Amino acid sequence: MTNLKKIVGKQIFIPIAALLILILFNLCADPSFFKITLGTNSAGNPVLSGYLVTILDYGSELAILAIGMTLVTAASGGQDISVGATLAIAGSAMLKVLCGGATSASVMQAPVIVALLVGCIAAMLAGAFNGALVAYFRIQPMVATLILYTAGRSIAAWINNNELPIISDSAFTVYGGFIPGIPIPTPFFIAALCVLAAWCLLKFTTIGLYTQAVGINENSARLNGINPEFIKFLSFVILGVCVAVAALIKISRLSTINYSVIAKDIEMDAILAVALGGNALGGGKFNLWASILGAYVIQFLTTTLYKFNVQSDALPAYKAVVVIALVVFSAPTVRAKLTELSKKKSRSVQLAGKEAA
Amino acid sequence: MKRKLLAMIMTVTMTGALLAGCGSSSSTAETPAASEPAAASEAAPASSEAAPAASEEAAASTETAETAPASGETIKVGIINNDPNESGYRTANDKDLKSFFTAENGYEASFAYSLKNDEQITAAQKFIQDGVDYLLLSAADTAGWDTVLQDAQDAGIHVLLFDRTIDADESLYDASVVSDMAKEGETAVAWLENQKLDEYNIIHLQGVMGSAAQQGRTGALDTKVGENDNWKLVTQQTAEWNAEKAQQIVQSVIDSGEKFNVIYAENDDMAKGAVAALDKANISHGVGKDVIVMGFDCNKWALEELLAQNWNYDGQCNPFQATYLDEAIKTIEAGGTVDPKVIIMEEKGFDASEITQEDVDSYGI
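Taken in sequence, the protein lines are chains A and B.
Under this note's numbering, think of the first position of the first sequence as 17, with each following residue one higher.
Under this note's numbering, think of the first position of the second sequence as -5, with each following residue one higher.
If you're looking for bench data, these hints aren't it; they were derived computationally from the structure.
None of these values were measured; they are calculated from a predicted model.
All C-beta atoms, glycine included, are put in the ideal place defined by N, C-alpha and C.
Each hint should be verified, as a subset may be incorrect.
Unchecked claim - Stretches of chain A that chain B covers, calculated by requiring three or more beta carbons in the stretch to come under 8 Å of a beta carbon on chain B:
1) 272 to 281
2) 297 to 308
Claimed, not checked - With a Cα cut of at most 30 Å, we get these calculated DSS-like pairs of lysine-lysine:
3) K110(B) x K89(B)
4) K342(B) x K226(B)
5) K177(B) x K89(B)
6) K110(B) x K335(A)
7) K92(B) x K323(A)
8) K70(B) x K92(B)
9) K323(A) x K335(A)
10) K324(B) x K342(B)
11) K280(A) x K110(B)
12) K92(B) x K110(B)
13) K294(B) x K51(A)
14) K219(A) x K353(A)
15) K280(A) x K92(B)
16) K51(A) x K324(B)
17) K283(B) x K323(A)
18) K294(B) x K89(B)
19) K342(B) x K51(A)
20) K342(B) x K177(B)
21) K280(A) x K294(B)
22) K120(B) x K70(B)
23) K323(A) x K89(B)
24) K110(B) x K283(B)
25) K70(B) x K110(B)
26) K51(A) x K359(A)
27) K51(A) x K301(A)
28) K190(B) x K283(B)
29) K70(B) x K323(A)
30) K26(A) x K353(A)
31) K323(A) x K359(A)
32) K283(B) x K92(B)
33) K70(B) x K280(A)
34) K294(B) x K177(B)
Unchecked claim - Partial chain B-side listing against chain A, Cβ under 10 Å, derived:
35) D77
36) P78
37) L109
38) D112
39) N188
40) V219
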């Protein structure tokens, strides 16, 4: 019983439980969901395919964004809703560099790393703008980021003079596709790298601790010698880097960009990932791994819905159901009721647990 | 304290902006018209009350246009369009209008953009107050235009619709330059039938549900699938004109292992997304390959895909409406009426086996 309680009490339990429910549902409905086959792609390289690979592939951008969003949430106690628009800005800047300013290019005009750096700078500037408004001007995060949410896609279009640049170099599709010879989609590796970087950041610097301290109580953090403004500012800039990396994957998938629809509503998915990870949306303590898992759970849900031919414009409704369930379960009154209930029924649960074992 | 200060600053700037907005609009209303109706419009900016004031002044300005010889005088047009960033089609459409309605061609054009109907209606009211001669309109939504178009008519302003029709009485506008979306769909489906496949297993990617383009292009295919047993829809999903969504939908079909041999995407972006998914899974596409790829809108890059034999068909949706509009305006200026009111533009469908570089250059947008 104590073990069970320990597991249930852990923060990462929520996304794992959600994942298990989805897996169970798919097992019952159609076990072929879990089939993975090894094939070859049009370039003659081996590739894995199947729904699970699709989830790992398409969930990666969201996982990367969830890293930054978790930090922003923890530090500022609010969310950045300009992620999609910033992603459009970063993607637009990258394509401008890659196409050398022209509207189309058959070969990359600059190395990808240069484009990524330019994209990073663009997204970090946007992040710094948001961060400055939140940290130094003390505007609510959702209001501050509303500015770029509204203006970002127009800025993205302006960068390329309203043209939609296209790059038809097969070397560029690697980042959203497959590395020749490796059958696992590249976005998954990029996400793994980002997770590793985030792990190092939390492990070898004090930023994780400082972020939590600022999120829990700004004033006591200040009294302990932490500069809360800078920590908040920094979290937005880090989110900017995450956005730039996600933008690289997004534009590589299609080798082009459409300002008005690229990464549409992705900020909502990123916030949902943070919530699904059991993180308090009001800031404070956070669990990065739970958020990342939450991101893949959301993609799991999306892919499942696509498999059952749910109309894609109805997807948000299903996500809304998840949000409602989450909000209800995390509400303090419901929690209190639940613990009361579990205390009352602890005996019967114990018995049931024994039987199940 | 800090917060209060900030709040105060923001309030001051906001009211300032509001006042500035009021000031400019009322000043434009005052200058050409008599002072009394202008005062009325200032006192009550509600559309119903402002309209008569605007109508008088506009009537005055149209009168001057009529008394002056038709040639040599500039014609004032107010153009309300959707956001040019919406799609490549819209960008081309906006460019075409901007390059045609210039001072050299005898026009004085002002532009307003929005994807929202209420903002477009506000822009229309402003143009009516400014006293334009012609109101050119590509409505975001089909409903809600009756009152403002009635105001325009009372003010003696000619209304021309382009690209999109509206649910309003035909007497409220002078002409409507549109694409026949249903015909676009029929042309494409007829082309597909001509390919004489034994079986048609189609992935149908739809645009935003309810838009004219989606309804027209879906209608033709739905009819055909209903009539023939060997035409089957593997999946019919809306990808909302979005390449990313299209890619995921096609990926899902590929993962399921269902067989398909046609992709009918209602615009080029979605076709591109679908092709990206096909490429990933090593499914060949194009002329003489496993999967037929069809798109709409004739983006330049899409026609180049056709030229490279990677796609099979692209249906045109003509964004070059300026010359048609100009013709209608010339007719009205000469004292005639446009008959029939609905002008349907000529549109083509391109086959990858016949397309030439010349087509790409002249029809690509």
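Hint check results:
1. 272 to 281: Coverage by chain B holds here, the residue count being 8 at a Cβ distance below 8 Å.
2. 297 to 308: violated (count 0)
3. K110(B) x K89(B): Cα-Cα ~20 Å, so holds.
4. K342(B) x K226(B): holds, 26 Å
5. K177(B) x K89(B): This hinted pair holds, its Cα atoms lying about 25 Å apart.
6. K110(B) x K335(A): holds, 26 Å
7. K92(B) x K323(A): Not satisfied, since the Cα-Cα distance of roughly 45 Å exceeds 30 Å.
8. K70(B) x K92(B): Between K70(B) and K92(B) the Cα gap is close to 14 Å, so the pair holds against 30 Å.
9. K323(A) x K335(A): Holds, at about 16 Å.
10. K324(B) x K342(B): Cα-Cα ~26 Å, so holds.
11. K280(A) x K110(B): The given pair, whose Cα atoms are some 18 Å apart, holds under the 30 Å limit.
12. K92(B) x K110(B): holds, 21 Å
13. K294(B) x K51(A): violated, 39 Å
14. K219(A) x K353(A): Judged against 30 Å, a Cα distance of about 37 Å means the pair is violated.
15. K280(A) x K92(B): Given that 30 Å is the threshold and the Cα spacing comes to 29 Å, the pair holds.
16. K51(A) x K324(B): violated, 65 Å
17. K283(B) x K323(A): holds, 26 Å
18. K294(B) x K89(B): OK: K294(B) and K89(B) at ~15 Å, within 30 Å.
19. K342(B) x K51(A): Outside the cut-off at roughly 44 Å; violated.
20. K342(B) x K177(B): Distance ~10 Å between K342(B) and K177(B) Cα, so the pair holds.
21. K280(A) x K294(B): Measuring from Cα to Cα gives roughly 24 Å; hence the hint holds.
22. K120(B) x K70(B): Satisfied, since the Cα-Cα distance of roughly 13 Å is no more than 30 Å.
23. K323(A) x K89(B): violated, 41 Å
24. K110(B) x K283(B): With a Cα-Cα distance of about 42 Å, the restraint between K110(B) and K283(B) is violated, given a limit of 30 Å.
25. K70(B) x K110(B): holds, 24 Å
26. K51(A) x K359(A): Measuring from Cα to Cα gives roughly 42 Å; hence the hint is violated.
27. K51(A) x K301(A): violated, 38 Å
28. K190(B) x K283(B): holds, 14 Å
29. K70(B) x K323(A): violated, 54 Å
30. K26(A) x K353(A): Within the cut-off at roughly 19 Å; holds.
31. K323(A) x K359(A): violated, 41 Å
32. K283(B) x K92(B): violated, 41 Å
33. K70(B) x K280(A): The hint is violated at about 38 Å.
34. K294(B) x K177(B): Cα-Cα ~22 Å, so holds.
35. D77: holds, 7 Å
36. P78: holds, 6 Å
37. L109: Cβ of L109(B) sits 9 Å from chain A, so the hint holds.
38. D112: violated, 16 Å
39. N188: With Cβ-Cβ at 27 Å, over 10 Å, it is violated.
40. V219: Violated. Min distance 16 Å.
Consistency note: the structure conflicts with the earlier hints numbered 2, 7, 13, 14, 16, 19, 23, 24, 26, 27, 29, 31, 32, 33, 38, 39, 40.
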